[in-house]
Amino acid sequence: MAFAAFGQSAPAASTAAPVKSGGRVALFLLLPGLAYLALFFLTPLISLIVTSLQVPSASGLYGAFDYGFAIENYWIVIESYLPQIMHSFLYALIATLAALVISYPLAYFIGVKIRSRPLLQGLMLTLVIAPFFISFLLRTFAWKQLFSNESWIVTTLQSLHILAPDQYLVGTPFMVIFGLTYNFIPFMTLPLYTSLERLDTRLLEAGSDLYASASQVFRKITLPLTLPGIISGTLLTFIPIAGDYVNASGDFLGGTETAMIGNVVESKYLVSNNYPAASALSVLLMGVILILVTVYVRKSGTEDLL
Amino acid sequence: MKNFSFGKAALPIYAVLAFIYLLIPIGYTFVFSFNDSLKTNLIWRGFTFDKWTGVCQQQGVCEAFGNSILIGVISTVVATALGTMIAIALVRYRFKFRSAVSLLLFLPMATPEVVLGAGLASQFFATGTQKGITTIIIAHIMFCLSFVVVTVKARVASLDPALEEAGRDLYGSPSQVFWKITFPLLLPGIMAAALLSFALSFDDFIITNFNSGAAMTFPKYVYTAAARGIPAEANVIGSGVFLLAIAIVVTVQVRSAAKAKRLRKG
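Just so you know, the sequences run in chain order A and B. Adding 11 to a residue's 1-based position in the first sequence gives its number in this note's numbering. Adding 644 to a residue's 1-based position in the second sequence gives its number in this note's numbering.
Okay, chain B solo, but in the shape it has when bound:
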């Protein structure tokens, strides 16, 4: 293939440089998780595994991490269920006020987080709701929902309706058709949506900060600690989660590439 607008070697070199740029802060966080630091983690003082082996010894960091996992799991389950139902309805059914429904679904994604956070906080304030883990979960379900709908909708749209028809022709009840045919076929899309939702929830800081009260999450812990220096244990958790996520994604990719290869070979 001829080169159109970029030199032959220039583009790959550029890509490598861009990846280095994207990965620098990750590398920094990882390296400083091995720093034999005292209270703050600003200056390199020597290599140690202690922060990894004794990560929970730092006050509050594991508790914040645990809260983030709990909030992430509950928000993901609820948002994925509600979002999947909407996605199926949007693709499969005709109903009135369709454009109003789409607008309602897209607006949360087009609203800056600070507005979502302050809005929900003023509602909790007006109704006298005590802020804590529950209000964080309420907030996270809200902003994950639209992302689930967008992700699952693509999958529903690509589903061959003939498969469900076949199920009905063979006297499958509506619930049998759904659970034996529709749901398994939608599963990859639902899983993708759930992962996205969990990632959004786990890393959210801005909306959480407005609606958490005294409850701590991992990002909030990091933000609060930033004023006096983030402890190395926070780097350990960040790096650990990163390695786990990358390992999962790369394994899935390599496996599906191998599967595609096998299929091509027949």
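So that you can see chain A by itself, here it is in the shape it has in the complex:
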């Protein structure tokens, strides 16, 4: 089960606690929560699939649809929104890799280098999650202002001829990926930290005692041992990024050329009331993510983790 990879920070199910088979008590404890999820998570997913197959209403009313089995809805949305679908997965891939590259050294510093100073470690972790304490919309808007067309960053880049005089940053794929990377870095850093914090540094010493170069030690010891953190981190960033639509929205960092699946779903659902198309795109997004995640977890050989 691929998704248990998220739970890696929790210790493996305790063997110390006696596992009782009290059917009734277990049922009493489980039933309310599971019924809740069945009602407000599972049935909505089914409802989404049903909606995605609806046909325009025979009444011809705008925004009215009848139940049907219009599989062609899927082909229509794929054909019409292929660029947006590609943006979602491409941006998510690049932003996830960027977040990994930025986060790993930081997590290494906090989890390994300052291990002997728990207070400093705690304060640095607080700084990592500090962005969570302020609305991500405000943070994203702040980047928009900092990189706006009149900002000193843009004018400097223009005077250095890195940007053409009529070239700007807001509205470009670069800016959207920049925002996505920024917003999801804590989701990457925390699981990496959890893995690195448990890394036994004696193994690294053993490696270098045996004349392994620094890069060999990293590739052969550190990296494989922290793979579980890398996998949780990449999943925790890739999935929300692929579905995000705030960064790519025209009011924030994106423009007309950068729309992702989420932007199309939002406008179809909340603006043009084309529920079947919005639902078909959502189902497609979820389907592709589930396939990618399963393949990824299999390929990286961490099934024993699950």
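Hints were generated in silico from the structure; no laboratory data involved. For every residue, glycine included, the Cβ atom is placed at its ideal position computed from N, Cα and C. It is possible that part of the hints are untrue.
[To be verified] Once the Cα atoms are required to be at most 27 Å apart in a straight line, the calculated DSS-like pairs of lysine-lysine come out as:
no., chain 1, residue 1, chain 2, residue 2
1, B, Lys683, B, Lys864
2, A, Lys124, A, Lys231
3, B, Lys905, A, Lys124
4, B, Lys775, B, Lys864
5, B, Lys824, B, Lys903
6, A, Lys124, B, Lys652
7, B, Lys652, A, Lys231
8, A, Lys124, B, Lys909
9, A, Lys124, B, Lys903
10, A, Lys310, A, Lys231
[Claimed, not checked] Every beta carbon over 10 Å from chain A, so not counted as near; a handful from chain B, in silico:
no., residue
11, Ala662
12, Pro669
13, Phe678
14, Asp694
15, Val699
16, Thr778
17, Gly811
18, Lys824
19, Ala901
With chain A held as given, fit chain B onto it using these hints.
Just chain B now, with coordinates in the frame of chain A:
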């Protein structure tokens, strides 16, 4: 300790730069909460405390903030109660369909928010439910639940069952054992889960946007305002919440570090 893969000074410098990068937009939001701005808050016009002292004068911002607090509190209480019960059952009891239950719990965390939001919205649409604060709360409980289970489960797993056995040996009734022993020991995990849930609910925009109808929350207010420029009062609320949260977390950390120090000294 020898350096393995990174230069000695390079890593601390890198960490400082990374923190600056993480904190830049927060600093920007904070600074612009003191901007003597007119309608929009795009250009620096001079320093003022007015936006802090008269934060509610901006139409709708305090109402949206109040709604977010209300939604956050109710969702947190319900999600934490339901999630804690599941966490205890998962660690302590053997039951059938265990892997199906875990799958059901993990799927919401692996589903993009836009899918959760659109799914719930189409269910509300199909059943003719009027969207508003109640539907937002229903949605928030749903996506917080799994995070509560994961957080509390870790705590239940680390609990020494001998303590509860001792309680039973001393003729404690099941409810006495739970409320006097199990619950207090689980409390730190439950509190952590509740805080996480509140933070998730308070900052949620995407799922809320699909299920809010005309109801306003703070993130929705910011998103709607972004088209014409976010007023400085929104920066005030964002910065205020940030300072409060940081103050709480740092106090807890410094205190527990001091306590750990005392314990080491004996």
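So, going through the hints one by one against the coordinates:
no. : hint                  : verdict
1   : B:Lys683 <-> B:Lys864 : holds (18 Å)
2   : A:Lys124 <-> A:Lys231 : holds (19 Å)
3   : B:Lys905 <-> A:Lys124 : holds (21 Å)
4   : B:Lys775 <-> B:Lys864 : holds (14 Å)
5   : B:Lys824 <-> B:Lys903 : holds (24 Å)
6   : A:Lys124 <-> B:Lys652 : holds (10 Å)
7   : B:Lys652 <-> A:Lys231 : holds (21 Å)
8   : A:Lys124 <-> B:Lys909 : holds (25 Å)
9   : A:Lys124 <-> B:Lys903 : holds (23 Å)
10  : A:Lys310 <-> A:Lys231 : holds (18 Å)
11  : Ala662                : violated (5 Å)
12  : Pro669                : violated (4 Å)
13  : Phe678                : holds (14 Å)
14  : Asp694                : holds (19 Å)
15  : Val699                : holds (14 Å)
16  : Thr778                : holds (12 Å)
17  : Gly811                : holds (14 Å)
18  : Lys824                : holds (18 Å)
19  : Ala901                : violated (4 Å)
Violated hints, listed in ascending order, are 11, 12 and 19; each of the other numbered hints is respected by the structure.
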